[in-house]
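As you go down the protein sequences, you meet chains A and B in turn.
Under my numbering, residues 1 to 364 are what the first sequence spells out, in order.
Under my numbering, residues 1 to 283 are what the second sequence spells out, in order.
Quick caveat, the hints were computed from the structure, so don't treat them as lab data.
It should be emphasised that the depicted structure is a prediction, and the values quoted were computed from it without experimental measurement.
Warning: the hint list may mix true and false statements.
[What the hints assert, rightly or not] Stretches of chain B that chain A covers, calculated by requiring three or more beta carbons in the stretch to come under 8 Å of a beta carbon on chain A:
no.: 1; region: 41-47
no.: 2; region: 194-201
[Stated by the list, open to error] Mimicking DSSO-like on lysine-lysine, the simulated pairs with C-alpha atoms at most 30 Å apart in a straight line are:
no.: 3; chain 1: A; residue 1: K122; chain 2: A; residue 2: K181
no.: 4; chain 1: A; residue 1: K104; chain 2: B; residue 2: K70
no.: 5; chain 1: B; residue 1: K70; chain 2: A; residue 2: K106
no.: 6; chain 1: B; residue 1: K70; chain 2: A; residue 2: K116
no.: 7; chain 1: A; residue 1: K104; chain 2: A; residue 2: K77
no.: 8; chain 1: A; residue 1: K110; chain 2: A; residue 2: K28
no.: 9; chain 1: A; residue 1: K289; chain 2: A; residue 2: K313
no.: 10; chain 1: A; residue 1: K104; chain 2: A; residue 2: K28
no.: 11; chain 1: B; residue 1: K207; chain 2: A; residue 2: K110
no.: 12; chain 1: A; residue 1: K122; chain 2: A; residue 2: K172
no.: 13; chain 1: A; residue 1: K122; chain 2: A; residue 2: K106
no.: 14; chain 1: A; residue 1: K122; chain 2: A; residue 2: K110
[Stated by the list, open to error] Here are the computed distance ranges between Cβ atoms for each label pair:
no.: 15; chain 1: B; residue 1: W195; chain 2: A; residue 2: K116; range: 50 to 60 Å
no.: 16; chain 1: A; residue 1: G140; chain 2: B; residue 2: P26; range: 32 to 42 Å
no.: 17; chain 1: B; residue 1: F154; chain 2: A; residue 2: K116; range: 23 to 33 Å
no.: 18; chain 1: A; residue 1: K116; chain 2: B; residue 2: G13; range: 55 to 65 Å
no.: 19; chain 1: B; residue 1: E147; chain 2: A; residue 2: S59; range: 55 to 65 Å
no.: 20; chain 1: B; residue 1: G271; chain 2: A; residue 2: G187; range: 28 to 38 Å
no.: 21; chain 1: B; residue 1: N278; chain 2: A; residue 2: L184; range: 54 to 64 Å
no.: 22; chain 1: A; residue 1: S165; chain 2: B; residue 2: R95; range: 55 to 65 Å
no.: 23; chain 1: B; residue 1: I179; chain 2: A; residue 2: V108; range: 42 to 52 Å
no.: 24; chain 1: A; residue 1: E223; chain 2: B; residue 2: L105; range: 27 to 37 Å
no.: 25; chain 1: B; residue 1: I74; chain 2: A; residue 2: V112; range: 55 to 65 Å
Idealized CB from N, CA, C, for every residue including glycine.
Here's the letter readout for the chains.
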Amino acid sequence: MSKGADIELVQVTKRYGAALAVDAVTLKIPAGTYCCLLGPSGCGKTTTLRMIAGHETISEGDVRLGPAVVTDLPPAKRGTAMMFQSYALFPHLDIVDNVAFSLKMKGVDKAVRRTKAMEMLKLVQMDHLAERRPAQLSGGQQQRVALARALITDPQALLLDEPLSALDPFLKIKVRQELKKLQLQLGISFIHVTHSQEEAMALSDLVVVMNGGRIEQAATPREVFNRPATAFVARFMGDHNVIAGRVTGIADDTMTFEVPGGASFRAPAEPGLEPGAPVEIAVRTDRVKLAGDAPPGFGLTGLVQNIEYHGQKVQIALAAPGVDEFSVQVPETAFFEAPLAVGDAVPLAWTSQDVHILQASPSA
Amino acid sequence: MTLSRLAPYLQAGPLTAILFAFLVLPIATIVMVSFWDYDSIQIFPAFVFTNYEETITSPVTWNTYINTLKYTVIVWAITLLVGFWVAYYLAFHIRSATTQMVLFLVCTIPFLTSNIIRMISWIPFLGRNGLLNQSMMSMGLIDTPLEFLLFSDFAVVLAMVHLYTLFMVTPIFNTLMRIDRSLIEAARDAGANAWQILINVIIPLAKPGIAIGSIFVVTLVMGDFITVRFMSGGQSASVGLMMANQIALLQYPAAAANAVILLIIVLLLVGGILRIVNIRKEL
Chain A
1 MSKGADIELV
11 QVTKRYGAAL
21 AVDAVTLKIP
31 AGTYCCLLGP
41 SGCGKTTTLR
51 MIAGHETISE
61 GDVRLGPAVV
71 TDLPPAKRGT
81 AMMFQSYALF
91 PHLDIVDNVA
101 FSLKMKGVDK
111 AVRRTKAMEM
121 LKLVQMDHLA
131 ERRPAQLSGG
141 QQQRVALARA
151 LITDPQALLL
161 DEPLSALDPF
171 LKIKVRQELK
181 KLQLQLGISF
191 IHVTHSQEEA
201 MALSDLVVVM
211 NGGRIEQAAT
221 PREVFNRPAT
231 AFVARFMGDH
241 NVIAGRVTGI
251 ADDTMTFEVP
261 GGASFRAPAE
271 PGLEPGAPVE
281 IAVRTDRVKL
291 AGDAPPGFGL
301 TGLVQNIEYH
311 GQKVQIALAA
321 PGVDEFSVQV
331 PETAFFEAPL
341 AVGDAVPLAW
351 TSQDVHILQA
361 SPSA
Chain B
1 MTLSRLAPYL
11 QAGPLTAILF
21 AFLVLPIATI
31 VMVSFWDYDS
41 IQIFPAFVFT
51 NYEETITSPV
61 TWNTYINTLK
71 YTVIVWAITL
81 LVGFWVAYYL
91 AFHIRSATTQ
101 MVLFLVCTIP
111 FLTSNIIRMI
121 SWIPFLGRNG
131 LLNQSMMSMG
141 LIDTPLEFLL
151 FSDFAVVLAM
161 VHLYTLFMVT
171 PIFNTLMRID
181 RSLIEAARDA
191 GANAWQILIN
201 VIIPLAKPGI
211 AIGSIFVVTL
221 VMGDFITVRF
231 MSGGQSASVG
241 LMMANQIALL
251 QYPAAAANAV
261 ILLIIVLLLV
271 GGILRIVNIR
281 KEL
């Protein structure tokens, strides 16, 4: 199989008229990385992927693949291959001819290209359906064929545009395991666009969270989940409570800040945060305890708004003055030892180790 | 209970009645009359094959059919080329839906006047002392007027292309608009150039539209008589024109036999097109 290459985006910008779709994105994806571009719709993730693929012109900046600048090369000359969201299989061709399409375009002999295509179909375990047309296949099967068609060009990086969005939830999990296995087997970079944080965390070595055409954070899934860079990342990854306020005082290595409702909280002091400065902190929902023994500034009392049973966990949504959308995850057994009801007032507590201070968002 | 059982028949009734009155009955009448006998002043019921015998054995019929088929092939080829070109431009090069719609409506503007007027308006343009000849002569391009421009096969084909190209543009445009644009990107991703995309992706996917357009053009040209009469100035014949002449001479059974033969040939042509291309997914 081909050797992978590093992909580098340098100040890549995309403008549609006056609208800025991607704003000076700089990113380095080392060879052999499973990278997920994650973000809500309209955040510029698909545009970024299409610029790497060459299906979208780059307004400013450069894309490098290995040592070569590919900014102005046509898609097929870049060494990337793209798998489209709807798979984009040719409905008039059978599976073998679909996979062999790029070889046909190169003028490879029919027998040779069909043999090569059959090898690729074996790799994705679709060789037994080689004579079928795309319309006769299920979504998961079409996805595999699309994968084989992209891989036959021997790409240095595979670009996947929401490859799992058309599949049902069970198949999604199965297919994503196969994708990860294939990526490890081939050793090339996969760049995968998704709006599902679960998918991104399950698959990637590198998660790139995007919002408003900019990168909010690019790091390992564990880093992104445990140390979200911004309030946007914390909210988008979920399972985090964000508390926003203004610093009122700093004593020793602890600072105090006040939220609009008047309640005040504490957090470890952070250099650069003077009294009066806006501050945002994140506390993981599973680190918040239902307990009244909170040290001052590390707890609040909330009114239970909603209780959702999630199996292993019970998710409790609470309302508290000055804090929007506060929720707590409690292990199932612990919850049912002392069940709560909607309308109950509950004291909550966390520790200073659980407080993570967030940076200002670059897209704000 | 009885009403609910009757309801489907009542719903299908009006269409059945219309098809029976305006399709089945006329064709049955034509088939029936084609076996009748006639003399110079009247036709009378009979069951004779002379109408068919005379039609099939006459070299005039053969020449006329060959001439009509010649028009059909030439007009089909030109309308296909022009029609595909126009549809391709509208579907792939015009990005805004509004411009697309406006340009498509522009294509239909000639249809705001009648066929005959559109045809006749070529005459002052193409005539011996017409606009085209005079302009070319005053520009010094030619010394004597070009005779082939009017009352010739050229004029017939030109008028037919003018009349029928839109019947090719519309169905092809319709199929092209339905092609998923990501298929074209996928082809480009696989290294196909514009020409390869056209040959390997767009044309195969446009086949149903091409087939429907071809059926329109073939049936229209095969049955045409007025264009041939006006634009050839009576120097060329078509099957339709032959029938019109027979009717003018009150030889209804002969015209009916001719009509039945033409119907069979056109149905065979349409059947041939449908064998080659599956148009079901367009309907």
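Quiz item: Hey, B:K70 versus A:K106, does the alpha-carbon distance stay inside 30 Å?
Solution: The given pair, whose Cα atoms are some 40 Å apart, is violated under the 30 Å limit.
Quiz item: So the hint says 42 to 52 Å: do the beta-carbon atoms of B:I179 and A:V108 match that?
Solution: Cβ of B:I179 to Cβ of A:V108: about 25 Å, so the range 42 to 52 Å is violated.
Exercise. Measure nothing beyond the straight line between the CA atoms of A:K104 and A:K77; if it is 30 Å or shorter, mark the hint as holding.
Key: The hint holds at about 16 Å.
Self-check item: Given hint A:K181 paired with A:K122 - CA-CA distance at most 30 Å
Solution: Holds: A:K122 and A:K181 sit about 15 Å apart, inside 30 Å.
Self-check item: Cβ distance range 55 to 65 Å for A:S165 and B:R95, holds or violated
Solution: violated (26 Å)
Quiz prompt | Cβ separation of B:I74 and A:V112, checked against the hinted range 55 to 65 Å | solution = violated (41 Å)
Exercise. Could you say whether the range 32 to 42 Å given as a hint is met by the Cβ separation of A:G140 and B:P26?
Key: For B:P26 against A:G140, whose Cβ atoms are near 55 Å apart, the range 32 to 42 Å is violated.
Exercise. Please test the hint of 55 to 65 Å on the beta carbon pair from B:E147 and A:S59.
Key: With a Cβ separation near 60 Å, B:E147 and A:S59 satisfy 55 to 65 Å, so the hint holds.
Quiz item: Residue count check for the region 194-201 of chain B against chain A: does it reach three with CB-CB under 8 Å?
Solution: holds (count 3)
Self-check item: Pairwise hint evaluation, A:K172 against A:K122, where the allowed Cα distance is 30 Å at most
Solution: holds (21 Å)
Quiz item: Do the alpha carbons of A:K110 and A:K28 lie within 30 Å of each other, as the hint requires?
Solution: This hinted pair is violated, its Cα atoms lying about 39 Å apart.
Quiz item: Honestly, do B:W195 and A:K116 meet the 50 to 60 Å range at C-beta?
Solution: violated (24 Å)
This entry does not satisfy hints 1, 4, 5, 6, 8, 10, 15, 16, 17, 20, 21, 22, 23, 24 and 25, going by the numbered hints stated previously.
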